Amino acid sequence: MPDTVIAPLIPTTPVTPAILEALRAIVGDKGLIADAAGKQPFVTDWRGSIVGTAAVVVRPATVEETSRVVKLCHDNGIAIVPQAGNTGLMGGATPWPSHTGIVLSVGRMNKVLNVDPVGYSMTVESGCVLQTLQETAASHDRFFPLSLGAQGSCQIGGNLSTNAGGVQVLRYGNARNLVMGLEVVLPNGDIWNGLRSLKKDNTGYDLKHLFMGAEGTLGIITKAVLKLWPASKDVAVAWLAVRDPQAAIEILSEAHSASEDNVESCEMMSRNATDMVLRHVPGTQDPLKADTNWFLLMQWSSSRPKTEGAEGMAEKMELFLADQIEAGRVLDAVIAQSEAQARNMWKIREGVAEAGRAEGPGFSFDISVSVSKIPEFIDKGIAAALAILPGLRPHPLGHIGDGNVHFGFSAPAGMDRPTLQQYAPAVTRAVNDLITSMAGSISAEHGIGIEKLDELAHYRSKIELDTMRTIKRALDPKNIMNPGKVLRV
Amino acid sequence: MSDFIDKLRAIVGDKGLVLDAGDKRPYLTDWRENYLGAALAIVRPATTEEVAAVVKLCAAEKVAICPQGGNTGMSGGATPQEDGREIVLSLTRMNRILDIDKVGYSMTVEAGVVLKTIQQTAADNDRLFPLSLGAEGSCTIGGNLSTNAGGVQVLHYGNARNLVLGLEVVQADGSIWNGLRALKKDNTGYDLRDLYLGAEGTLGIITKAILKLWPKPKDHSTSWSAVPSPDAAVELLSGAYAASEDNVTSCELMGRQGIDLVLQHVRGTADPLAERHEWYVLMEWSSARPPREGDNQVNLRDKMEAYLGEAMEKGLVLDAVIAQTEAQSKALWALRENHTEASKKEGPSIKHDISVAVSKLPPFVSEGLAAMTRALPGCRPLVFGHVGDGNLHFNCQAPAGWSKPQFMEHGDAISGAIYDLVTSYGGSISAEHGIGRIKVDELTHYRGKIELDVMRSLKRALDPDNLMNPGKVIRV
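Chains as they are written, first to last, in this note's numbering: chain A, 1 to 489; chain B, 1 to 476.
These are computed hints drawn from the structure, not numbers from a lab. Treat the hints with caution; some may be incorrect.
[Said to hold, decoys possible] Just so you have them, the derived chain B footprint on chain A, three or more residues with Cβ under 8 Å: (1) 155-166; (2) 190-202; (3) 206-218; (4) 400-410; (5) 442-452.
[As the list claims (entries may be wrong)] Computed list of lysine-lysine pairs in BS3-like fashion (alpha-carbon distance at most 30 Å, straight line): (6) K373(A) / K102(B); (7) K30(A) / K111(A); (8) K449(B) / K478(A); (9) K373(A) / K116(B); (10) K373(A) / K216(B); (11) K56(B) / K462(A); (12) K111(A) / K360(B); (13) K314(B) / K227(A); (14) K380(A) / K212(B); (15) K218(B) / K306(A); (16) K102(B) / K380(A); (17) K360(B) / K227(A); (18) K351(B) / K71(A); (19) K212(B) / K373(A); (20) K62(B) / K462(A); (21) K227(A) / K218(B); (22) K233(A) / K216(B); (23) K218(B) / K373(A); (24) K306(A) / K314(B); (25) K462(A) / K7(B); (26) K212(B) / K233(A); (27) K227(A) / K216(B); (28) K360(B) / K233(A); (29) K62(B) / K116(B); (30) K212(B) / K227(A); (31) K227(A) / K351(B); (32) K462(A) / K373(A); (33) K449(B) / K111(A); (34) K462(A) / K212(B); (35) K216(B) / K306(A); (36) K233(A) / K314(B); (37) K227(A) / K56(B); (38) K71(A) / K380(A); (39) K351(B) / K116(B); (40) K218(B) / K233(A).
Note that this is a predicted model, so its numbers are computed, not measured. Beta carbons: idealized from backbone N, C-alpha and C, even for Gly.
Just chain A, with the same shape it has in the complex (with noise of 0.2 Å):
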């Protein structure tokens, strides 16, 4: 965690042996861990930066024993911090060193309850793994559209109080789009049933949006009733060779009526970024030879199948380009002719995070502007960062229908780490006093966690704040869920 963070205040009750056998009573052996290396994966964040501790880690496998849980800890002041898959970037699913209370795992209750077809929803509980959802929904000719690098092992309970973002925002929304309906249970233990899959409700507040994105704050989301699209059955792949940042965005905003509302995904690169894709993951190749200095990954798709004869994606694409390549916008451009092909292109795009590491030292920000503001927040971004350390090589990209760019830059060449970190702060304020400039966000989809608590703290006004703090101690009076992250009661 960054070394300037102080430990938040947080509740320090102690899990005594006479609570932790009341726990045992309600979970089972099963459902307790209380050794030393059996609880080190439960306190470590996924990058292995955060370590925090905790009594016990307990792992109930029904949402009665979890409100019995929660009740009990309620009771007796002890915090819980709520934990699903474990694949968070700010660390919000780790406990603080300071914590004395559990570590509530909701990973064994993972069954998926339900399926309706017809009415595009599925029923699951908060602990099945995305990439078992994505697959029970293909099985059934249907499309859960949430889509992210941790997909093998996040869970639907961390997406959804994380509010997850990934490839397919651009059409999909956000995870807390892809949702009907929830069941949470609260700080006091109480069970809210809000398992409605309805597509209008207006009954009162919308307590649904509050715990999403909460990140375990305001209560432990225990099953969700999920939305469902059709399946795709028409998709086309290209690589383009575009001017500039802002040529990209006109694109964008020209392909959504030229594809029928049928773009997917639409993701920038830089040069460097694929360049450096290209030196370090092997297996992938240039799609195109240009003289530019920014690409776009473009993916249409339709849950239409391809007729014989008429126009398919594949066609409406290549129309879209011609006319592009006319207004100057794109330079060059090719559309995957085969499944490989456009793997490739895919790889290039998901490869940016293994080529960074592999280039060496660096940082990163994950933020968002409005999509037509892109392009003088690059420009400015790289200004700003250069202005402070000439020499540091910037390698942005992003998914620019989201206006989310991976501000990412790499140390100047034969910088190691401990010297770069010198320059971290202040290029890191640079960077968010930009992006708070213009109105942008300086956490797009990753949260705040335990890592953003002062930048958030920072750069949010007073105000919203408070109404902030207002919430959550109106709902968790004693301030047992997952203290101490997103906001300092």
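Could you slot chain B onto chain A? The hints should help.
Positioned in the frame of chain A, the structure of chain B alone reads:
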């Protein structure tokens, strides 16, 4: 009290105050004229700062506020109580469009802009703002957002809350929350935006919003199909998503009773099909991509024709017509949109704006019809609604010739039967119209104590003196 009025005048000026009894009246009664409230004054601020100053003054003097937009709500949420101790705070002078960002597909507006003006402004910029409902000529966006309005395009674009990127809200203490962020992604703390949307002015007053825009449709197709059952309607829609390439923008179900009433009471309407059928589906597909000229392009009408042909072979559709002109399309829509007017002309009715999961809609319809006629033999069920949203207007027309008082004696029995059934289906007793005043007791009756307690905790935390639209949505 004159002291209080003077303080209000110091903030909003004479132009911003309505004190005369006759001038106040339109602000004191709801559109359906179910309620007639009273108010110390109608206050019409011109800016967010004025709204904030008025709210701060009211907080200091412990005067309650009934926020009001276009005053077209169906549930009495914008009408003050009868005790005359509130002010009505009308947003209608804050009616400027502040910014349009074509490339970023967004528009920033003040809360008092009329919905139709927003639609028109979007269209002038080759964009679409999809919220569309009966009252669009007079309702204002602040009210639409505060009630999370629905309408006929929810199926494709979502409710009002899905059409919003950012909000500015004056909170109960008079502080201004600036959440006017035009961001598609922002995971920085609690989602305050979605808390204010749909809260019917009980947590704060929405003063500005950043709305999402879509490409303007360039290709449409509208069809009218007779279907054997609600089951067939659900299946017809289920297959239409893929067949249209996800371009289904509306799908409305109607029973024959409603069509008979419309044909009887509304001039210029005609049955599009030769024979009588029990159930009908009005479907609209639309796409932002214009059909290209010259080559052998398949437009939406061709696709729809092919799809309805297949559906007919499977027995999902008994007979169908596809509009060939804009005028034909309008005539089909008139059959749907005149249901409320025709019902009013026919006589008294009781309305139920309910929703269930889409796939449970068919059994709900048959059980609901049985329950309704059991509650009052001889009543005439009038069922129509948005299939894709699981949202039906499950209304009950009085037996022919009955007076309103005679019919209303059975009101509780009929509504009780329907709402009990909705609840047993895990459905909602207010799909799009909100709770307002009219359903406060129903909400208390049908929602669990735990859910009500959480809502009360939020209300008490954000509005500790219960000054924001008191007595609406939830009793504190």
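Status of the hints after comparison with the structure:
no.: 1; hint: 155-166; result: holds (count 3)
no.: 2; hint: 190-202; result: holds (count 13)
no.: 3; hint: 206-218; result: holds (count 8)
no.: 4; hint: 400-410; result: holds (count 4)
no.: 5; hint: 442-452; result: holds (count 8)
no.: 6; hint: K373(A) / K102(B); result: holds, 12 Å
no.: 7; hint: K30(A) / K111(A); result: holds, 17 Å
no.: 8; hint: K449(B) / K478(A); result: holds, 21 Å
no.: 9; hint: K373(A) / K116(B); result: holds, 28 Å
no.: 10; hint: K373(A) / K216(B); result: holds, 23 Å
no.: 11; hint: K56(B) / K462(A); result: holds, 17 Å
no.: 12; hint: K111(A) / K360(B); result: holds, 22 Å
no.: 13; hint: K314(B) / K227(A); result: holds, 27 Å
no.: 14; hint: K380(A) / K212(B); result: holds, 26 Å
no.: 15; hint: K218(B) / K306(A); result: holds, 21 Å
no.: 16; hint: K102(B) / K380(A); result: holds, 23 Å
no.: 17; hint: K360(B) / K227(A); result: holds, 15 Å
no.: 18; hint: K351(B) / K71(A); result: violated, 42 Å
no.: 19; hint: K212(B) / K373(A); result: holds, 16 Å
no.: 20; hint: K62(B) / K462(A); result: holds, 24 Å
no.: 21; hint: K227(A) / K218(B); result: holds, 28 Å
no.: 22; hint: K233(A) / K216(B); result: holds, 25 Å
no.: 23; hint: K218(B) / K373(A); result: holds, 28 Å
no.: 24; hint: K306(A) / K314(B); result: holds, 22 Å
no.: 25; hint: K462(A) / K7(B); result: holds, 28 Å
no.: 26; hint: K212(B) / K233(A); result: holds, 28 Å
no.: 27; hint: K227(A) / K216(B); result: holds, 26 Å
no.: 28; hint: K360(B) / K233(A); result: holds, 27 Å
no.: 29; hint: K62(B) / K116(B); result: violated, 36 Å
no.: 30; hint: K212(B) / K227(A); result: holds, 21 Å
no.: 31; hint: K227(A) / K351(B); result: holds, 29 Å
no.: 32; hint: K462(A) / K373(A); result: holds, 26 Å
no.: 33; hint: K449(B) / K111(A); result: holds, 28 Å
no.: 34; hint: K462(A) / K212(B); result: holds, 27 Å
no.: 35; hint: K216(B) / K306(A); result: holds, 25 Å
no.: 36; hint: K233(A) / K314(B); result: holds, 22 Å
no.: 37; hint: K227(A) / K56(B); result: violated, 42 Å
no.: 38; hint: K71(A) / K380(A); result: violated, 51 Å
no.: 39; hint: K351(B) / K116(B); result: holds, 26 Å
no.: 40; hint: K218(B) / K233(A); result: holds, 24 Å
Of the numbered hints stated above, those contradicted by the structure are hints 18, 29, 37, 38, listed in ascending order.
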